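Below, each chain spelled out in residue letters.
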Amino acid sequence: MLAYIVRRLFNAIITLLVVTAVTFAIFFAIPKATGSDPALLYIGKQSDPAAIEGIRTKMGFNDPIIVQYGKFLKGIVAGRDYANGPDVTHCPAPCLGYSFSTDQEVTPLLMEDLPVTLSLALGAAVLWLIIGISFGVISALRRGTFIDRAAMTTALAGVSLPVYFTGLLASAIFIYWLEWLPQGQYVPFTENPAEWFTGLLLPWITLAFLFAATYARLTRANMLETLGEDYVRTARAKGLTERVVIGKHALRSGLTPIVTIFGLDLGALLGGAVLTETVFNLRGLGYQALTAIRQNDLPIILGVTLIAAFFIVFANLIVDLVYGWIDPRVRLA
Amino acid sequence: MSENLLEVSGLQKHFPITKGLFKRQVGAVRAVDGIDLEVRAGETLGLVGESGCGKSTAGRLFTRILEPTGGKVVFEGNDISHKNVNQLRPLRRDVQMIFQDPYSSLNPRHTVGAIISAPLQIQDIPTPQGLKKAVQELLELVGLNPEHYNRYPHEFSGGQRQRIGIARALALRPKLIVADEPVSALDVSIQAQVVNLLDDLQREFDLTYVFIAHDLSVVRHISDRVAVMYLGKVVEIAERDDLYKNPRHPYTVALMSAVPVPDPARRDRAQRDRVLLTGDVPSPINPPSGCRFRTRCWKAQDICATEEPPLTVRLEDPQSHLTACHFPVVDDETVAGRRPAATPA
Amino acid sequence: MSTPIARPYLEVKDLNVRFETDDGIVQAVTDSSFSVERGKTLGIVGESGSGKSVTSLAVLGLHRTRSNAKVSGEIWLDDQELVTATDEQVRKLRGGKMAMIFQDPLSAMHPYFTVGSQIVEAYRVHHPETNKKVAREKAIDMLARVGIPQPERRFNDYAHQFSGGMRQRAMIAMALVNDPSLLIADEPTTALDVTVQAQILDLIRDLQDEFGSAVIMITHDLGVVAELADDVLVMYGGKVIEKGPAIDTFQNPQHPYTWGLLGSMPRLDREVRDRLNPVKGTPPSLINLPDGCAFHPRCPYAGRNGNRSFTEVPMLRGDVHKVACHLPPDDRTTIFQQEVLPNL
Chain X
138 MLAYIVRRLF
148 NAIITLLVVT
158 AVTFAIFFAI
168 PKATGSDPAL
178 LYIGKQSDPA
188 AIEGIRTKMG
198 FNDPIIVQYG
208 KFLKGIVAGR
218 DYANGPDVTH
228 CPAPCLGYSF
238 STDQEVTPLL
248 MEDLPVTLSL
258 ALGAAVLWLI
268 IGISFGVISA
278 LRRGTFIDRA
288 AMTTALAGVS
298 LPVYFTGLLA
308 SAIFIYWLEW
318 LPQGQYVPFT
328 ENPAEWFTGL
338 LLPWITLAFL
348 FAATYARLTR
358 ANMLETLGED
368 YVRTARAKGL
378 TERVVIGKHA
388 LRSGLTPIVT
398 IFGLDLGALL
408 GGAVLTETVF
418 NLRGLGYQAL
428 TAIRQNDLPI
438 ILGVTLIAAF
448 FIVFANLIVD
458 LVYGWIDPRV
468 RLA
Chain L
6 MSENLLEVSG
16 LQKHFPITKG
26 LFKRQVGAVR
36 AVDGIDLEVR
46 AGETLGLVGE
56 SGCGKSTAGR
66 LFTRILEPTG
76 GKVVFEGNDI
86 SHKNVNQLRP
96 LRRDVQMIFQ
106 DPYSSLNPRH
116 TVGAIISAPL
126 QIQDIPTPQG
136 LKKAVQELLE
146 LVGLNPEHYN
156 RYPHEFSGGQ
166 RQRIGIARAL
176 ALRPKLIVAD
186 EPVSALDVSI
196 QAQVVNLLDD
206 LQREFDLTYV
216 FIAHDLSVVR
226 HISDRVAVMY
236 LGKVVEIAER
246 DDLYKNPRHP
256 YTVALMSAVP
266 VPDPARRDRA
276 QRDRVLLTGD
286 VPSPINPPSG
296 CRFRTRCWKA
306 QDICATEEPP
316 LTVRLEDPQS
326 HLTACHFPVV
336 DDETVAGRRP
346 AATPA
Chain Z
93 MSTPIARPYL
103 EVKDLNVRFE
113 TDDGIVQAVT
123 DSSFSVERGK
133 TLGIVGESGS
143 GKSVTSLAVL
153 GLHRTRSNAK
163 VSGEIWLDDQ
173 ELVTATDEQV
183 RKLRGGKMAM
193 IFQDPLSAMH
203 PYFTVGSQIV
213 EAYRVHHPET
223 NKKVAREKAI
233 DMLARVGIPQ
243 PERRFNDYAH
253 QFSGGMRQRA
263 MIAMALVNDP
273 SLLIADEPTT
283 ALDVTVQAQI
293 LDLIRDLQDE
303 FGSAVIMITH
313 DLGVVAELAD
323 DVLVMYGGKV
333 IEKGPAIDTF
343 QNPQHPYTWG
353 LLGSMPRLDR
363 EVRDRLNPVK
373 GTPPSLINLP
383 DGCAFHPRCP
393 YAGRNGNRSF
403 TEVPMLRGDV
413 HKVACHLPPD
423 DRTTIFQQEV
433 LPNL
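Protein chains in written order, with our numbering: chain X, 138 to 470; chain L, 6 to 350; chain Z, 93 to 436.
A couple of the hints might just be wrong.
[As the list claims (entries may be wrong)] Some, not all, of what chain Z presents toward chain X, calculated at C-beta under 10 Å: (1) Met190; (2) Gln195; (3) Met263; (4) Arg362.
[To be verified] As a list, the in silico DSS-like pairs of lysine-lysine whose alpha-carbon atoms are at most 27 Å apart: (5) X:Lys385 with Z:Lys224; (6) Z:Lys184 with Z:Lys224; (7) Z:Lys230 with X:Lys385; (8) Z:Lys414 with X:Lys385.
Note that these hints are calculated values from the structure, not bench results. The structure presented is a predicted model; accordingly, all values stated were derived computationally and were not measured. In this text, a Cβ means the ideal position worked out from N, Cα and C, and glycines have one as well.
Excised from the complex, chain X in its bound form (with noise of 0.2 Å):
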């Protein structure tokens, strides 16, 4: 199990590594290779030629690429600081490094809008993972039935509609018709739980509808294969009941393949639901993304970017370590 664990572990540094290899490269060479000056973002076209060159000079735009990676890197793990002479910027760890429009450093920028994502997804998680198992669990069961036809096609439906559709109508409807629900702002949770919980429900109601309904028919496959296999009959051979059979025998293997989907759909919200924090207004990991598309801001898409492939290979690195835990065929390979 040690080596097992020691593997992953570092094929998870690697892979991140990789990420920000090719990210760092994409958006630091790119410019350069298109003539457009990273220095000139900084400060604006009208600057004298000094004041830019010495901004180069600070940032280390002068320097090889595979230097300023190395620089980026260590400002990750260690924090770095900019100097131009006496000039001299400390950037703590993890940096990384200045936003182009407002020249405050991206990482306090990021770790701000965190929260925010972080209470959407978790939210919305265990949302769909209560309803979508459910509902597959019992459609599975009920195979045939009206529930469980009434509840694919509520799923089918889930599936099609963007969160932009749906987000809206829920809106409309519980927000400004019914008024059951105030008018979207987050309040962090430290602030007040209540205004907290009210603010994000609908977006999780949302957010979670997407997901539900696919992991409803994902369970709902996976526990009627499971039903058929042979090792759920010997469970009721030997006189089990039904809801040890169902509830440990076979939940316990219809579910395996849900953990690898949630670990990668967990992994990719958090780094940001662009559509679900736009339609609501939050002003999360996504929302900053765009802005920043918007406005080219190069650094904190970088950011926002690493943030977003941190998060799937960390979901992936645990998905493995679970798998191993559930699956001894894994762990004793």
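Starting from the structure of chain X, add chains L and Z where the hints point.
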């Protein structure tokens, strides 16, 4: 003495086992570990043994679906051990294979016509009366309705699917067919039909068979000579009747005595005469030293652990044939004492 | 009135099992009747689709969870009727009084739970009052009794870490942990090598002697039946077509299908035949069974005695050795002696 169609010597196939980050090779599954035998033109050579003995791997080496790790495969005088795909193409006309599972060895998206005609097209065989006619003749030959040319494999039963597999193998009029457990997935009555079909086809087309199976009764019925394998080695090989009437290797004796006989009146005698082997077949990754069967053999002595017995004939024994054993079983050897004490409790 | 005649330990009367599918109604078992006493072994022989496995699953009530399955008839186990019993009543018997072992022990054991914990679970569901430690000891004891070396260590292993033979032993340990008085073995050795098969058959025989259970051995292999069975039931197309004491049935088989089965098998105890004599054709579809005798399209003797084979379902007739065939007994004896036996 008929000439040899296929000769193998020192044949080995080791599948590497890798471990760790850098896929270091830490060992090998020695699936086939040095076998010598020949297949004579026109005969059926049976290859029996239990799961993991390497018989299927051996069959795949004979047809060069696998490349041997060591040793030689010689077909009609040509060394084909390490020929590449292009060099092997002419061989594919002469050597064909039939597989165990008639469900997974036929492409479900192709019609039977397409499946059977594929070898003809790949090899550019001229079909004077047209491809369709050629396929229909093959279908008829294996006892299927030629009208079913356009059907898909799932529309056929297991036995019929196996017939399709046979028709495909026959399409190129091969000299040698290696059949790997061709009837073991089939029901008893269907199994017999397919065995009879293979018999008829052999007579009609002068085919040579290597018949790989775990069922000793079927192998006895169809084979002229039989080789018994254990852990990657041939332990005994002889004319069919010699082998079944006078088995010499203790493993062969144990194997034969384990086959249940459909006669309840003989039940008690069968049970009394049965050699019950204990334990499991050792791992082919780390086979026992010397004789590989020694760990389960009731006749094993010290020499068995140190010296590997060669596959030879014992001159002092008139009924002897090629056997790899230091202490071969003799006729009328008492079976008492072979049965181990009651299962450990 | 006189004292009631004691009922056999397991008695199945006119069992019918049908499944409603999209393609039509599958008549898996039709009017099948048989019984087994404790300490005796009944062998049920048939090819795929003969209804032999469906019959055993029906005895255990394992079709109850399938909403498209219809089971009718009577199944008496130790004077309790099971077809009309409640789900809960049958569940309590399952794994307790009646247990089952399956063909492929790798897929029949849960891959995520240790073998030991699965045996413990089987024990505790019928002994809810016992604590884990006692159940664990019971499981280890069972593993030892079925001949698994180092049972304490193997207790914590998973099914995939066992060899095929050891896995089947573990499966048997799980089935026997509650001392069932009826054990149903569905092709228990089909996935195993012959030498391992011999060990497992030996084990089943020994354990039967020890526990005195009634055993139903379901198999396609006449050799396995001959090894173990006291009585034999031959099934074809969902019906019992021949049944009787094993020795009688093997030495003097009465049904042309049984002849066909015997003729299909190459046998090590006979001289090599030039050709096998298989039954021609393929087994019937259970959705669309032939009229009359289900075997008539494949029977070389159908029509020898008028057209009844084609229109009328033959009844299972006879004293101890029964057969469902329209041919008169004398004709069958003649055919068997003159046409069949010389080719076996």
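How the hints compare with the structure:
The beta carbon of Met190 (chain Z) comes within 9 Å of a beta carbon in chain X, closer than 10 Å, and the hint placing it at the interface holds. Residue-level restraint check for Gln195 (chain Z) holds (minimum Cβ-Cβ distance to chain X is 8 Å; threshold 10 Å). Interface restraint check: Met263 (chain Z) against chain X, minimum CB-CB distance 8 Å, threshold 10 Å, status holds. With 10 Å as the threshold, the beta carbon of Arg362 (chain Z) stays out of range of chain X, its nearest partner Cβ sitting at about 36 Å, so the hint is violated.
For the suggested pair Lys385 (chain X) and Lys224 (chain Z), the alpha carbons sit about 18 Å apart, so the restraint of at most 27 Å is met. As the CA atoms of Lys184 (chain Z) and Lys224 (chain Z) are separated by approximately 20 Å, the hinted pair is consistent with the 27 Å bound. Restraint check: the Cα-Cα separation between Lys230 (chain Z) and Lys385 (chain X) comes to about 22 Å, which is no more than 27 Å; the hinted pair holds. With a C-alpha separation of about 46 Å, the suggested pair Lys414 (chain Z) and Lys385 (chain X) falls outside the 27 Å cut-off, and the hint is violated.
In the structure shown, a violation is registered for the earlier hints numbered 4, 8, in ascending order.
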